[in-house]
Amino acid sequence: MIMSRAIPILLLGLSLGACARASTDYPSLAIRDVERAQGTMLPPAPYIPPPISAATGDQLTRLAQQADAAHREFGTLADRARRAVTAARGQGPGSDNWAVAQVAVAQLESQRSATMIQLADLDRIFVDAAAQGNELTRIEEVRQKVSAMVDSENLLIDELLRSLR
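Those letters in the sequence shown? Residues -20 to -1, 1 to 145, by mature numbering (1 follows the signal peptide of the UniProt record, and there is no 0).
Don't read these hints as lab results, they were simulated from the structure. Each hint should be verified, as a subset may be incorrect.
Claimed, not checked - Restraint ranges, calculated between C-beta atoms of paired labels, are given here:
| no. | residue 1 | residue 2 | range |
| --- | --- | --- | --- |
| 1 | Pro7 | Glu115 | 52 to 58 Å |
| 2 | Glu115 | Arg12 | 42 to 48 Å |
| 3 | Gly55 | Phe106 | 44 to 50 Å |
No residue lacks a Cβ here, since even glycine has one placed at the ideal position from N, Cα and C.
Hey, can you work out the whole structure from these sequences and the hints?
Put into structure tokens, the structure is as follows:
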């Protein structure tokens, strides 16, 4: 019985030994000449985004004009609000002058939203153009101009509200 177990183990050992070969028979793992990079690789051409469409250009012009008009109207209301806030200085909440000044500042905030709507539309146009890979320079120029208008309006409103406290 011991012999019947030893025979399969001996056969298995002999058959595995037949698989062994000299290491010189295997191919080299070194890079072959055909695998080496040859020639010169040209750098890719720079991406030149397509220009914005004529419709988008017209829309930018229209939004810039609307923002300018809204900002001019803000300037007109700002003069009234400054006078109202100056008249309310030193008076506490609840006085007539203070209430008039609050209403004037609220009108400014309402008018600021007209400029902000144009900025929101410009942001949407910018995102759409960027997603399509279009040229963004003109959009960004108009957007920065309108954003500066909104920033100046915010500063004035904050200044007037601080004066009322």
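- Numbers of unmet hints, in rising order: Hint 3 contradicted; others consistent.
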